[in-house]
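2 protein chains.
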Amino acid sequence: MINIGLLGCGTVGSGVVKLLASNRAVISMRSGQEITIKRVLETAPHKVLDLGLGEEVLCTDINELLADEDIHIVVELIGGIEPARTYILEAMKRGKHVVTANKDLIAVCGQELFSTAETHGVDFYFEAAVGGGIPVIHPLKQYLGGNHIKEVIGIVNGTTNYILTKMSREGMEFNQVLREAQELGYAEADPTSDVEGYDAARKIAILASIAFNSRVTLDDVYVEGITRLSPLDIEYGGELGYVVKLLAIAQEIKGRIQARVHPAFIPKHHPLAAVNGVYNAVFINGDAVGELMFYGRGAGQMPTASAVVGDIMEIARNIHRGTVGSVSCTCFYSKDIMPIDELQSKFYIRLLVKDRPGVLAAIAGVFGNHQVSIATVLQKTSGEEYARLVLVTHYVPESDLRDALTVLEGMSIVSEISNVIRLEGETR
Amino acid sequence: MINIGLLGCGTVGSGVVKLLASNRAVISMRSGQEITIKRVLETAPHKVLDLGLGEEVLCTDINELLADEDIHIVVELIGGIEPARTYILEAMKRGKHVVTANKDLIAVCGQELFSTAETHGVDFYFEAAVGGGIPVIHPLKQYLGGNHIKEVIGIVNGTTNYILTKMSREGMEFNQVLREAQELGYAEADPTSDVEGYDAARKIAILASIAFNSRVTLDDVYVEGITRLSPLDIEYGGELGYVVKLLAIAQEIKGRIQARVHPAFIPKHHPLAAVNGVYNAVFINGDAVGELMFYGRGAGQMPTASAVVGDIMEIARNIHRGTVGSVSCTCFYSKDIMPIDELQSKFYIRLLVKDRPGVLAAIAGVFGNHQVSIATVLQKTSGEEYARLVLVTHYVPESDLRDALTVLEGMSIVSEISNVIRLEGETR
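These protein sequences, in sequence, are chains A and B.
Each residue of the first sequence is one higher than the one before, counting from 1 in the working numbering.
Each residue of the second sequence is one higher than the one before, counting from 1 in the working numbering.
Hints were generated in silico from the structure; no laboratory data involved.
Honestly, I wouldn't trust all of these hints.
Claimed, not checked - With the Cβ distance kept under 10 Å, some of the chain B side facing chain A (calculated, not the full set): (1) Met1; (2) Asn3; (3) Leu19; (4) Leu20; (5) Ser22; (6) Pro135; (7) Leu144; (8) Tyr222; (9) Phe283; (10) Ile284; (11) Arg297; (12) Met302; (13) Val309; (14) Ala361; (15) Gly410; (16) Val414.
Ideal placement from N, C-alpha and C gives every residue a C-beta, glycine not left out.
Make the full structure from the sequences, and use the hints.
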């Protein structure tokens with residue numbers, strides 16, 4: 001019999017309680033153990049009692065729960081840094097295994113959590129922290145271990161993917177779709193963490209740390225959100241054969257790690273291009289396995305509960321065999337972070353320019369002076385005086401492009417640099 | 001130090017040797033062990049020596065390899081039933097862990113292999129047997145364990161997916177594409193096992209056994225190949241919004257298991273519809289996690305080697321911790337197989353009929369008499385005398401459809417029942 005101490009009985013927590021109850025038979029069969037919720041730390045008692053759990057399970061004092069020697073696994077679903085961090089560290093020190101879905105915490109304090117788990121010989125699993133129900137942490141950490149991972153590209157935020165899918169399909173403006181998503185509960189009242197890319201940044205920090213065996217934290221990730229995207233960009237990108245996605249990308253380039261989150265155009269035939277709505281996917285390129293993609297529901301009560309319960313079952317099997325800590329921290333190296341300036345990318349650039357002869361030549365001249373080679377130009381008239389100009393570059397260093405844009409900004413013929421979007425997912 | 005005894009140094013075997021050598025540093029770091037090829041059973045010595053292995057590794061007598069007490073893991077990459085089966089059983093009896101990519105063997109003798117592994121307390125892993133480099137066995141067996149799996153739908157044969165993709169894109173005939181695939185090495189000289197669906201059937205038997213915790217063998221799987229598919233079917237299906245794929249499907253329906261392999265039309269927006277060329281994918285529907293898909297290279301030297309090395313590393317970690325047999329046979333139940341006759345499907349039916357008034361009414365009448373309800377009809381003229389008729393049914397029991405087709409076959413106005421293809425992947 002494995003006893004769980006559950007911290008937090010919100011959406012995911014109650015999903016875990018429900019799943020352990022509804023699938024009790026297969027879960028105990030497959031894990032070789034009965035798994036029971038012994039204690040739930042929750043300030044709102046009705047959340048616990050409404051799930052059919054008894055009063056004796058209710059607990060409002062963390063110390064009481066941690067002092068219970070019958071509890072084998074602490075499942076932390078409070079979220080945020082504190083008090084989650086302190087609770088987890090304390091649980092580990094008392095020899096309890098820990099399962100969490102807390103990406104914020106791992107992306108910031110991963111090292112401390114892992115080393116504490118190792119010191120105290122307990123398991124620390126967090127499959128639900130990235131990609132919700134999609135198994136991606138374990139496969140990357142264990143079954144792809146024979147590969148040098150070259151890159152990981154994720155669509156790991158359901159809110160922004162829902163917004164971009166809707167903008168793409170219906171030509172709607174960002175703000176309009178965001179409001180709709182908030183009404184449907186797909187976006188939070190304060191959507192900053194999602195739409196500005198911070199949620200995706202935490203997840204790619206976690207994936208990068210595992211893929212490249214070197215700790216990557218939130219601060220190491222370059223982040224751009226989707227708020228500047230316009231239906232015009234989506235339309236012009238479409239004409240060029242691309243769809244737009246908020247990508248979380250981690251690459252190892254000559255021994256350094258590059259990690260970033262930004263909107264990007266990817267070719268329509270790329271496997272990630274078909275990942276729509278609230279679905280998530282993680283695309284992995286390994287030197288032996290080639291291109292892989294894991295696709296599924298990246299959030300939601302029951303998909304996330306599926307991942308949490310999967311981790312609980314794995315620990316239950318470990319306890320059954322009298323062994324724990326199978327795969328602990330795998331950050332064996334300390335690799336440098338490559339700044340975004342040094343990255344080579346292709347760019348889509350949308351400009352609003354004076355519609356008069358010689359303008360294209362002048363603009364092309366500025367790019368040429370900065371070694372920015374142009375692959376494609378689309379010219380669109382916009383009213384009488386102005387033209388919209390869309391340019392796609394060949395691969396150029398980010399810094400060269402920035403320099404060229406700075407010069408363009410100062411030119412009287414350039415009314416506006418409307419948007420700059422990177423192109424990804426093409427074979428170089 | 002973990003020592004490997006490798007049986008067979010063909011394509012995959014030499015891939016494993018190469019991968020263990022090229023990625024030695026990360027592999028030993030991640031698995032906590034040095035992994036060494038100690039012996040290779042191979043009748044063609046140059047295959048072994050060409051890889052840079054020394055003469056002392058060469059071995060032509062299985063007993064010599066099995067008697068070597070320093071060998072911890074036997075990696076069986078000979079393929080086929082015998083002598084692979086005997087070698088594996090003998091290795092297990094001597095306390096050696098086994099990794100294999102041998103789907104033929106597992107689909108037929110799975111139970112014997114698992115129970116022998118269990119009796120002798122050794123690990124038996126076979127991630128490479130299904131989906132090549134794609135991690136699917138372990139995730140299904142372990143991390144999705146909290147779910148009742150409702151269905152597994154795989155595109156698990158690269159040869160047929162290459163052929164169907166090419167037929168779809170270029171309107172080519174089956175035989176022509178097959179010849180081309182043979183020249184490119186994507187299809188074998190004797191392509192029967194691939195194009196008739198037996199390879200996919202073995203794989204879905206394995207996946208079904210794991211998903212539903214009940215042993216499913218090759219004989220339990222209903223199988224139809226792709227040889228009867230015509231570019232006409234692909235064209236008409238396309239008009240109706242479908243693409244054709246060879247699907248391997250396993251479902252649990254009211255406590256019984258239904259497993260089958262056949263060509264099927266799936267909606268163009270289904271995630272499996274974008275799986276093209278030699279890529280494979282496994283689509284899983286679980287009650288908690290919802291829809292998941294694993295996508296990647298289902299065959300080939302290095303992708304398959306990636307999966308084999310992943311299994312070796314997992315066993316190395318188990319040995320390191322002094323524990324084995326984490327997840328053994330999971331066929332706890334003995335569920336009945338549901339015959340294909342009882343399955344409810346939608347069908348696409350292509351007929352060649354006399355082009356004269358009243359023919360459609362007569363044909364529709366036959367379907368009506370057998371409770372086969374028609375959803376869509378496309379009529380295409382074909383020469384002067386004949387018309388092609390394409391009908392799509394609503395959900396009907398397979399047996400009712402068969403009865404209606406038998407009556408149609410006997411009618412003088414029906415010149416030919418050109419093809420019958422199931423529709424899959426739609427929400428009911």
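Original post:
Taking 10 Å as the limit, does the beta-carbon of B/Leu19 come near enough to a beta-carbon in chain A?
Top reply: holds (5 Å)
Original post:
Would the hint on B/Ser22 stand, with a C-beta cut-off of 10 Å toward chain A?
Top reply: This hint holds: B/Ser22 lies near chain A, its Cβ roughly 8 Å from the closest one there, short of 10 Å.
Original post:
At a threshold of 10 Å, is the proposed contact between B/Met302 and chain A supported by beta-carbon distances?
Top reply: At about 4 Å, which falls below the 10 Å cut-off, the nearest Cβ of chain A leaves the hint on B/Met302 intact, so it holds.
**OP:** With a cut-off of 10 Å on the beta carbons, see whether B/Met1 makes it to chain A.
**Re:** Not OK, violated: B/Met1 not within 10 Å of chain A, min 17 Å.
Original post:
Holds or violated: is the Cβ of B/Val309 closer than 10 Å to a Cβ in chain A?
Top reply: holds (3 Å)
Original post:
Hey, does the B/Leu144 contact hint survive, CB to chain A under 10 Å?
Top reply: With Cβ-Cβ at 6 Å, under 10 Å, it holds.
**OP:** Go through the hint on B/Pro135 and say holds or violated, using the shortest Cβ distance to chain A against 10 Å.
**Re:** Holds, about 4 Å.
Subject >> chain A contact restraint for B/Tyr222 - C-beta distance below 10 Å >> reply: violated (26 Å)
**OP:** For the hint on B/Val414, just tell me whether its beta-carbon gets within less than 10 Å of chain A.
**Re:** violated (39 Å)
Subject >> B/Phe283 as chain A interface residue, shortest Cβ-Cβ below 10 Å >> reply: holds (9 Å)
Subject >> Residue hint B/Ala361, partner chain A, criterion CB-CB below 10 Å >> reply: violated (41 Å)
Original post:
Given B/Ile284 as an interface hint, is the shortest Cβ-Cβ distance to chain A below 10 Å?
Top reply: Since the shortest Cβ distance to chain A is 8 Å, the answer is holds.
When held up to the earlier numbered hints, the structure conflicts with 1, 2, 8, 14, 15, 16 and fits the remainder.
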